[in-house]
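Asker: Using the hints, position chains B, E, R, U and G against chain H.
Note that the protein sequences, when read in sequence, are chains H, B, E, R, U and G. The numbering of the first sequence is my numbering, which starts it at 1 and goes up by one. The numbering of the second sequence is my numbering, which starts it at 1 and goes up by one. The numbering of the third sequence is my numbering, which starts it at 1 and goes up by one. The numbering of the fourth sequence is my numbering, which starts it at 1 and goes up by one. The numbering of the fifth sequence is my numbering, which starts it at 1 and goes up by one. The numbering of the sixth sequence is my numbering, which starts it at 1 and goes up by one.
No wet-lab data here; the hints were simulated from the structure. Nothing here was measured: the structure is a model prediction, and the numbers come from that model. You may find that some hints are simply not true.
As the list makes no split between identical chains, a pair holds if one copy fits it or if it spans any two.
As the list claims (entries may be wrong) - In silico BS3-like links for lysine-lysine, alpha-carbon gap of 30 Å or less:
id, residue 1, residue 2
1, 173, 143
2, 8, 143
3, 8, 165
4, 143, 28
5, 8, 66
6, 33, 173
7, 143, 165
8, 66, 33
9, 66, 25
10, 173, 135
11, 25, 173
Number of protein chains: 6
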Amino acid sequence: MFGCMKLKRGVFPGRFQPPHYGHVKAIKWALDKVADELIVIIGSAQDSFSLKNPLTAGERFTLLRKLLVNEAGSYLHRISIVPVMDINSNKQWVRYLEMLLPPFNTVISGNPLVQLLFEDSGYEVYTPPMFSRSKCSGTYIRKAIIEGSQWEDCVPETIVEDLNKMGFAERLKRLSRGDE
Amino acid sequence: MFGCMKLKRGVFPGRFQPPHYGHVKAIKWALDKVADELIVIIGSAQDSFSLKNPLTAGERFTLLRKLLVNEAGSYLHRISIVPVMDINSNKQWVRYLEMLLPPFNTVISGNPLVQLLFEDSGYEVYTPPMFSRSKCSGTYIRKAIIEGSQWEDCVPETIVEDLNKMGFAERLKRLSRGDE
Amino acid sequence: MFGCMKLKRGVFPGRFQPPHYGHVKAIKWALDKVADELIVIIGSAQDSFSLKNPLTAGERFTLLRKLLVNEAGSYLHRISIVPVMDINSNKQWVRYLEMLLPPFNTVISGNPLVQLLFEDSGYEVYTPPMFSRSKCSGTYIRKAIIEGSQWEDCVPETIVEDLNKMGFAERLKRLSRGDE
Amino acid sequence: MFGCMKLKRGVFPGRFQPPHYGHVKAIKWALDKVADELIVIIGSAQDSFSLKNPLTAGERFTLLRKLLVNEAGSYLHRISIVPVMDINSNKQWVRYLEMLLPPFNTVISGNPLVQLLFEDSGYEVYTPPMFSRSKCSGTYIRKAIIEGSQWEDCVPETIVEDLNKMGFAERLKRLSRGDE
Amino acid sequence: MFGCMKLKRGVFPGRFQPPHYGHVKAIKWALDKVADELIVIIGSAQDSFSLKNPLTAGERFTLLRKLLVNEAGSYLHRISIVPVMDINSNKQWVRYLEMLLPPFNTVISGNPLVQLLFEDSGYEVYTPPMFSRSKCSGTYIRKAIIEGSQWEDCVPETIVEDLNKMGFAERLKRLSRGDE
Amino acid sequence: MFGCMKLKRGVFPGRFQPPHYGHVKAIKWALDKVADELIVIIGSAQDSFSLKNPLTAGERFTLLRKLLVNEAGSYLHRISIVPVMDINSNKQWVRYLEMLLPPFNTVISGNPLVQLLFEDSGYEVYTPPMFSRSKCSGTYIRKAIIEGSQWEDCVPETIVEDLNKMGFAERLKRLSRGDE
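Pulled out of the complex, with its shape left as it was, chain H reads as follows (with noise of 0.2 Å):
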């Protein structure tokens, strides 16, 4: 069914604040529905230390390589990782990835702006099934440690143990009480 979309590169974007489940699983089915190789935007790349973008690009990037090895190893030679940072326009944010990166034909996002942008310069866009979004975004996660809920469920336990290292969980709390 998927044959003819055979051979095609693309591209996944994503904030991964933090990397969980959600992601792994998409990123496996987009390489086992839609494209032989994977280009993983990291957005947002110069934020970090605000509510929406916690981390670093280069945290997201070190606990997304390692959620990778671990739980899709055999995948991983057919991905490469890019932090991106935004740009002012988001009419000119396709035309800057397609400076950036390889050439690619197809992208893999549930993201509505992120669909809309691409399909308005002409792209095939796939949405990869939800892996209980409801629970497992990183909106939710963000959220649940805020408000001292559960959320280490969306996350496999070596990559909360990272988190924990980096201080993820009081880095939010404290970011919570506002600037100014």
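Answerer: Chains B, E, R, U and G alone, transformed into the frame defined by chain H:
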């Protein structure tokens, strides 16, 4: 009464998301009562595909010019349209317009921030009479589209058709689903 | 007790919208207890004429210096004031200050984000004792002005007069009417 | 011969430091032979008071419009003038113009970089016939002014007068003394 | 001898205009002698279609990966390629890389500025042995192309073919005709 | 003779690469003859580790303050030092300084571009008398260091020592070897 204001070049800044009857009325009023010549500034020209600025500057330029051709044709030779990108400093904004544009000596705007900034730089500011503003502001139209309520009265039929061809309503609704 | 902290140069970042008694108390405390010398950073120096930053950096510089001359004159020779523009990356902010300023070894701030960023870069952070903070923060003062309630107790009379000459209350009220 | 090119909107990018007869000839040629409508782009609009760009975008806008009124009056209703600031990426420049401007389908330019970038984005590029280019380029005029040699033949008398009122020659000579 | 340097992650910054044998030799040397893992940074990623940076970051990424696949296949699993845009502050550059990338502890570079900046930030810097650098630097290759002299020895045949398909020589020659 | 110029606040912009006797003389002259108070602007504050700007703003701030303490101690209470980053528009530069700094009404500078920009904004400009400028400009000192000739006469011994501790000569020489 407005005789002394003649022989003036005015600026009329707006975001035109989308252009509507209120803009036409204000531009005609400005050219009838305040200015001999008008530079219509399409502000936030770098932004698009966002809830506040769904259309690109080029789309707004095209729609606005068509709107003026149809609804204010006899004024057209006294109007220039110039897209202008935001800068990150309100205090510098008027000076930045002075640098980019031919000399002007007045501004026509109902926007409180625009009025404040031009007055701070020593300009005369004119507030155009409202045109059913409660219903026909850009903010109202964008909200009506997202909520599925009536908005087409604010815009001539031919512009509604062009907006439909651009997928304006669809774009806005998808943007309203958020960025993650 | 604080003897070992002597011979230190500290930084005291703030936005000073507007400068108030709380700033004076904190600066005196910092120079009494923590640092020999203090660089007072006027942050978000590029911003003005916004609800969060109504005053320009230059207006804040002028008011703050007058406030310190009047209320902390004997400390003045140990204080430098430096306006600093924001950058788009929290993680880089402390390194950026290190690049712009003479070497410093401590920070005095009650702001959770500032504290987090300096600790992340390995600095000692001191929290100054609150001065009726519930009433005399910049946020409180700006809110009180917009709502027409009392705020003049937070600021010496001479600074209130200067703020009135600058049209501070009028500016804030007009900004609160929004940007369209 | 050019019938099939009719019904086209062209862009004509330049820096106009200063506007001269060569620009007039090229614009007339473009509207005679290539395009129904022309958007004249004043490039590097952010720059001024430099050896390469002594005039501000606003000064160039004013001079260029006057030049066209005087020398190409019958073409005026088919011309728009738009100042455009540089971006830091040549590869994105054409996409950036597409975002800012109404749709266009051709470009008229003798500049090798402009030609290359538009061709790279799939546009037809037309090279206007040279108008004594060896003598009447912006580069030639600026060099002649600094060296005190003759340049006034390249520009109509009325524009020479305006340049003199702006202190163009004086400005250029002072800029040539360098920055430090 | 290099045993103590093992278990290290290094960065190898370059502009790769174009990728050539010198890069392959240096990368192999770095992975043989200095680092367990290497992040190859494609610098000045925002720039292209200029004399110094004719190729886009995406073109360089594609060519470099192909070059490494062909000439350093057994090293490939130890290499990541990341395009990085310039910032406007040399002093911040190393900190900016630390923010964007997984933790690294060494740098391999023959570039004097890169060496200086990393040493200033406390890093060990390794200079790779030169590979006929007088002939096979990017600067040499670009100059040779513009002057029409021989350069193809510096690059494997398959990369020469790809450069020809991209119109590399033609692009460079046209860029050398200048921007006005 | 200069009585009428008293009660003035002046700005003295420079790059201070490095600070030298010429700066001291000019600052003293400015405070003797022109201004009651002086804001010394450390320009191009974002730049460092380049041939034109080898020192960071912080290093220049530190050296300049020490130079003034040693050589102009009795003037110190009338001097503020403020690092200021470049913006990309000469025309806006004076307005940008007006936004960042307390009100000033004069400028002291021997730099042709600075003089031109302030005059264009309607300021009085004072040219300080030269202090053996042929030998003691920043440009001369940096050139002398790279060429290994004598420069130490331009700077007090204690500043030479500090420059040596910072590795100033070494840094400049390495930067002169170029960026590839």
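Asker: Give a verdict on every hint.
Answerer: Right, here's what the structure says about each hint:
1. 173 - 143: Both ways: residue 173 and residue 143 sit 10 Å apart in one copy and 25 Å across, limit 30 Å.
2. 8 - 143: Result: close neither inside a copy nor across copies, 36 Å intra and 36 Å inter.
3. 8 - 165: between (38 Å within a copy, 21 Å between copies)
4. 143 - 28: Within one copy only: 26 Å inside a chain, 38 Å across chains, cut-off 30 Å.
5. 8 - 66: Cα proximity of residue 8 and residue 66: in one copy and across copies (25 Å, 17 Å).
6. 33 - 173: between (39 Å within a copy, 29 Å between copies)
7. 143 - 165: Answer is within; shortest intra-copy Cα gap is 19 Å, inter-copy 39 Å.
8. 66 - 33: Answer is both: 23 Å inside a copy and 25 Å across each meet the 30 Å cutoff.
9. 66 - 25: both (15 Å within a copy, 29 Å between copies)
10. 173 - 135: both (19 Å within a copy, 24 Å between copies)
11. 25 - 173: both (28 Å within a copy, 28 Å between copies)
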